[in-house]
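Protein chains in written order, with our numbering: chain R, 1 to 183; chain U, 1001 to 1753.
By construction, these hints were calculated from the structure, which means they are not laboratory data.
For every residue, glycine included, the Cβ atom is placed at its ideal position computed from N, Cα and C.
Be aware that a few hints might be false.
Below, computed lysine-lysine pairings styled on DSS-like, alpha-carbon distance capped at 27 Å [claimed, not checked]:
(1) U:K1195 to U:K1442
(2) U:K1133 to R:K4
(3) U:K1133 to R:K3
(4) U:K1624 to U:K1586
(5) U:K1010 to U:K1547
(6) U:K1412 to U:K1442
Over 10 Å on every C-beta distance to chain U, these chain R residues come out as not near it, computed from the model [stated by the list, open to error]:
(7) I5
(8) R23
(9) L36
(10) G38
(11) E41
(12) N47
(13) D57
(14) L64
(15) R74
(16) Q91
(17) I104
(18) T106
(19) A115
(20) R119
(21) A133
(22) K158
Some but not every residue of chain U turned toward chain R, in silico, with C-beta under 8 Å [said to hold, decoys possible]:
(23) M1039
(24) T1040
(25) G1041
(26) M1152
(27) A1156
(28) P1157
(29) G1212
(30) Y1213
(31) D1361
(32) Y1423
(33) P1424
(34) G1520
(35) I1666
(36) R1682
(37) A1686
(38) M1691
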Amino acid sequence: MAKKIHVTTEINGEPVEFLCEARQSLLEVLRDTLQLTGAKEGCNNGNCGACTVLLDDQPVDSCLVLGVEAEGARIATIEGLACAAHLHPIQQCFLEDAALQCGICTPGFIMSTKALLDRDANPDEHTIRFQLAGNLCRCTGYDKIVRAVQDSAKALAKNAVRSGTERDQSNGNRNTTERIQIR
Amino acid sequence: MAPKNTEAKKYNVIGTRPIRHDGADKVTGRAIYGSDLRMTGTVHGKILRSPHAHARILSIDTSAAERLPGVVAVATAADLPNLKDKIANLGEGSVNLAHLSANVLAHGKALYKGHAVAAVAATSPHVAEEAAKLIKVEYEPLPSVTWVLDAMKDDAPRLHDDVRTNSMGKKSDKTSNVPTHIHFEMGNVDEAFSKADVVIEREFKTASVHQGYIEPHVSTALWNEDGHLTIWTSTQGSFTARQQTAELLQIPVSQVTVVPCEIGGGFGGKIAVYLEPVAAILSRKCGRPVKMTMNRDEVFEGTGPTPGSFVRIKLGATKAGQLVAGEAWLAYDAGAFPGGMIGPGCMCVFSCYELANARVDGYDVLNNKPKTQAYRAPGATQAAFACESVIDELAEKLGIDPIEFRLQNAVKEGSRRVDGPVYPKIGFIETLQAAQNSPHWKSKLEGKYRGRGIASGFWFNIGLKSCAAAHVNPDGTVSLVEGSTDIGGTRTSVAMQLAETLGITAEAVKPRVADTDGVGYTDVTGGSRTTFATGLAAYEVGLDIVKQMSERAALLWECKASEVKCADGVYQSNGKSITFKELAAKLSHTGGPVVGRAAVDPEGPSNGFGTHIVDVEVDPETAKVTVLRYTVVQDAGKAIHPGYVEGQMQGGAVQGIGWALNEEYIFDDKDRMLNANYLDYRMPTALDVPMIETIIVEVPNPAHPYGVRGVGETPIVAPPAAMANAIYAATGVRMRELPMSPPRLWAAMSAKS
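Could you build the full structure based on these sequences and the hints that come with them?
Here it is, written out as structure tokens:
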């Protein structure tokens, strides 16, 4: 058995330590060591995007990242998106727009969408399609996913305005903090 | 776009777009798919696969693998019972169990590259992989064949020594690679052709394509100390998985429980078992749960693609545009074992048109590819690519608008299909009219190398068995248990039908998919049957509950149950009234719980028709095809949840676009697949397609209380033909081979100029 390496990282805002073999991917560590099974394995070679997580705010195929590369990094996974029993606006829009069928690609799409909208609050259709081209969906034909991303952008813009007001009234609310971060 | 309803009927729940019941789990990553299971003591199985497309297995030596630390069990075909030929019905298609067994683990011969040969279980997936490599298999490579017409030749390499052609009940005395020849004939074909003003005959080829579901096959089996086998798996049908596994292992079905996990896509490819029986025998050997997950290359090489094909079509018409005769000759890959998709191919080829004189010959052909499996309207897309291309050519030659030509010859209620059945009420003409009136068809398309194409498609949509049960909760909600695995939102489309029947909201129904011990026998989620048949079961559950609730109201009001009327969830009698919710709160002191149940086996088919319009632009330098605009028109009967009906239409269309433009199995000179990964097997990405416009036509199915027809499969049938017709309009080149990938289209365009 290969010797394991100690890794200190941050996942969804919380400090995390784990041991992993040098050959283990971040996806494997997330799913098998840390029980964060929201990131899915569709191909294990970076072609389908079902395992997308954010590594220091950048969307990555976690199957192509080694577990040890998480050392000192900030990781965001689908499990950390909803907070205080509220779905994130992107999650809500995916549901309202019926942007999923089997759902296996959905966590990856949502994380890629988060990364996109963090960078570009109002992307046009072509930009959305270009930025999501690394995520494969075999069920929907992408139409409703693209619409969900468009609607997410609108919802986030609305939320950003509202949460700015909310922040003045209630400090320390996790939900508000999360939304400000999105803005 | 709002559904085009030919018979408006007022519903409260049906036709609305509630959020799916499993939605929160699926967008938060909490839904448990097969690979997300974490069970104490689990070990991991791995399959060793044949590197040869065709080879005799001379010996298998597992001793080195068994000695590797961490390995707990090894299995080969020797661990499977020897089965005689026996046909098992899987709902959508059937299977010979002896062949299924030999597909699960090769018996004596490997018949395709990727054919499972042995399996190993170990304490980690990495150790299992290493151990699999230590299994020594001695092969004698044999000549192989993959192209369907080559495989039919007398001197082609034989896959099986015992296969002889069965031609409409007559069995040949020679062995061959053609297990089945189908023949349908109606009218006087030769005479009718002689009277036709225009006759066009063309040949078409299509490559093998894969269903491409993003979730690889995954199964976990636990053979418990009490002898009971439980399997957690990604399957379209828990009961058919149970039946196949029990038969392959020769144990009673009562000894097996199949727990369907959330399933990450299937499209017909997750009906036959692959891993389930292997995980079971490994678990029996080591006494621990054994989890097996395929890699993506194993999915491509070891599980069913849909048939590659050769189709010849001849159609004759009068100058006035009436089709008078048709002839079709189809040869489809069966792959390594008999039983491909040739039957439905033959039944679908002329299914859209009135043809008094028609002849169809179809051949199921063995070749060294994985055993072909169903893929969304299995067999129909290849046939429609051929037929709809010739229809387009005929319309052009006759100078008739392609929609007008189709309208003139379209099947309607009372039309007879070449394989016999007479259509009940169907909505093909309505889809053509809706296409004609669509903003897309009425729009202008201008520009060089741009073209518009149209094509139609048909799929049966089956009925089959479904069970459901529901109990009324004191807060007025209803918990629904059903046997249909939910691949694309059917929990909700089924629950909505129960809600409509009871007069409560969609959210007040709590649907759950049960395992094989928790609900009555239910056929696969396939054949576009779930919203139709399991929806019918939910409707009948609703009627059962309404009857019992009426009795409770009668008890409260001291009247006869027959005097209680229920409408929109309100029970009334002699001026008194009580809502479903109020009544639900009184159940505990009016006789106890109310449980409704239903077992249905409705007659199919419900006959789904669709018409697709596409605009393309072809790059003259590279022959890359860009889809500019796409519209799907389809008769859904009645769209229960229009959002998910549109989703089926859009998803099917994009799979069809992939089939048309890029997807194919590419083999090397030794018939080994070269592109068993998503980078080289090129499925459409978000960037490859535009928004997919949808027009839902609703011609209610008379065989369903709410008129549901089923919608999942029809939308994949028309796209390749529609794309080919559009490419012709753009370039003047008729493409008769799929995929119409840049190299192929470029060669054809170059040859023309």
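Tested hints:
About 35 Å separates the Cα atoms of K1195 of chain U and K1442 of chain U, which puts this hinted pair outside 27 Å; it is violated. Restraint check for K1133 of chain U and K4 of chain R: the C-alpha separation of about 24 Å stays at or below 27 Å, so the hint holds. Taking the CA atoms of K1133 of chain U and K3 of chain R, the gap is about 22 Å. The hint holds against a cut of 27 Å. At roughly 67 Å between alpha-carbon atoms, K1624 of chain U and K1586 of chain U are farther apart than 27 Å, so this suggested pair is violated.
Between the alpha carbons of K1010 of chain U and K1547 of chain U the distance comes to roughly 22 Å, so the proposed pair stays at or under 27 Å and holds. For the suggested pair K1412 of chain U and K1442 of chain U, the alpha carbons sit about 25 Å apart, so the restraint of at most 27 Å is met. In this structure I5 of chain R is separated from chain U by more than 10 Å, as the shortest Cβ-Cβ distance comes to about 15 Å. Distance check for R23 of chain R against chain U: the nearest CB is about 7 Å away, which does not clear 10 Å, and the non-interface claim fails.
In this structure L36 of chain R is not separated from chain U by more than 10 Å, as the shortest Cβ-Cβ distance comes to only about 8 Å. For G38 of chain R, the condition that its CB be more than 10 Å from all CB atoms of chain U is violated, with the nearest at approximately 2 Å. The non-interface label for E41 of chain R is inconsistent with chain U: the shortest C-beta to C-beta separation is roughly 7 Å, within 10 Å. For N47 of chain R, the requirement that its beta carbon stay farther than 10 Å from each beta carbon of chain U is not met, with the minimum near 4 Å.
With a least beta-carbon separation of about 19 Å from chain U, D57 of chain R lies farther than 10 Å from that chain, consistent with its non-interface assignment. Non-interface call for L64 of chain R relative to chain U: holds, since the shortest CB-CB distance, roughly 12 Å, exceeds 10 Å. For R74 of chain R, the condition that its CB be more than 10 Å from all CB atoms of chain U holds, with the nearest at approximately 18 Å. A cut-off of 10 Å between C-beta atoms contradicts the statement that Q91 of chain R is not in contact with chain U; the least separation is 4 Å.
Non-interface call for I104 of chain R relative to chain U: violated, since the shortest CB-CB distance, roughly 3 Å, does not exceed 10 Å. A beta-carbon of chain U is positioned within 10 Å of the beta-carbon of T106 of chain R; the least distance is around 6 Å. Every CB of chain U is more than 10 Å from the CB of A115 of chain R (nearest about 15 Å), matching its label as outside the interface. No beta-carbon of chain U is positioned within 10 Å of the beta-carbon of R119 of chain R; the least distance is around 17 Å.
With a least CB separation of 4 Å from chain U, A133 of chain R falls inside the 10 Å interface cut-off, contrary to its annotation. The beta carbon of K158 of chain R is kept farther than 10 Å from every beta carbon of chain U, the shortest such distance being approximately 19 Å. With its C-beta approaching chain R no nearer than about 12 Å, M1039 of chain U sits outside the 8 Å limit, and its interface hint is violated. Among the interface hints, the one on T1040 of chain U is violated; its C-beta lies about 13 Å from the nearest C-beta in chain R, farther than the 8 Å criterion.
A distance limit of 8 Å between C-beta atoms decides the matter here; for G1041 of chain U the minimum to chain R is near 15 Å, and the interface restraint is violated. For the restraint placing M1152 of chain U at the interface with chain R, the shortest Cβ-Cβ distance is roughly 32 Å, beyond the 8 Å limit, so the hint is violated. Hint status for A1156 of chain U: violated, given a least beta-carbon distance of 34 Å to chain R, over 8 Å. For P1157 of chain U, the shortest C-beta to C-beta distance to chain R is roughly 32 Å, which exceeds 8 Å, and the interface hint is violated.
Annotation: G1212 of chain U was flagged as interfacial toward chain R, and the flag holds, the nearest CB pair being 5 Å apart, inside 8 Å. Hint status for Y1213 of chain U relative to chain R: holds, with the closest Cβ pair at about 6 Å, below 8 Å. Annotation: interface hint on D1361 of chain U violated; nearest CB of chain R at approximately 33 Å, more than 8 Å. Because the beta carbon of Y1423 of chain U sits about 29 Å from the nearest beta carbon in chain R, more than 8 Å, this interface hint is broken.
Here the hint on P1424 of chain U is broken, as its CB sits about 29 Å from the closest CB of chain R, past 8 Å. For the restraint placing G1520 of chain U at the interface with chain R, the shortest Cβ-Cβ distance is roughly 25 Å, beyond the 8 Å limit, so the hint is violated. Violation of the interface hint for I1666 of chain U is found here, the shortest Cβ-Cβ separation to chain R being roughly 16 Å, above the 8 Å cut-off. Hint status for R1682 of chain U relative to chain R: violated, with the closest Cβ pair at about 10 Å, above 8 Å.
Taking 8 Å as the C-beta contact cut-off toward chain R, the hint placing A1686 of chain U at the interface holds, the least distance being around 4 Å. About 5 Å separates the beta-carbon of M1691 of chain U from the nearest beta-carbon of chain R, less than 8 Å, and the hint is met.
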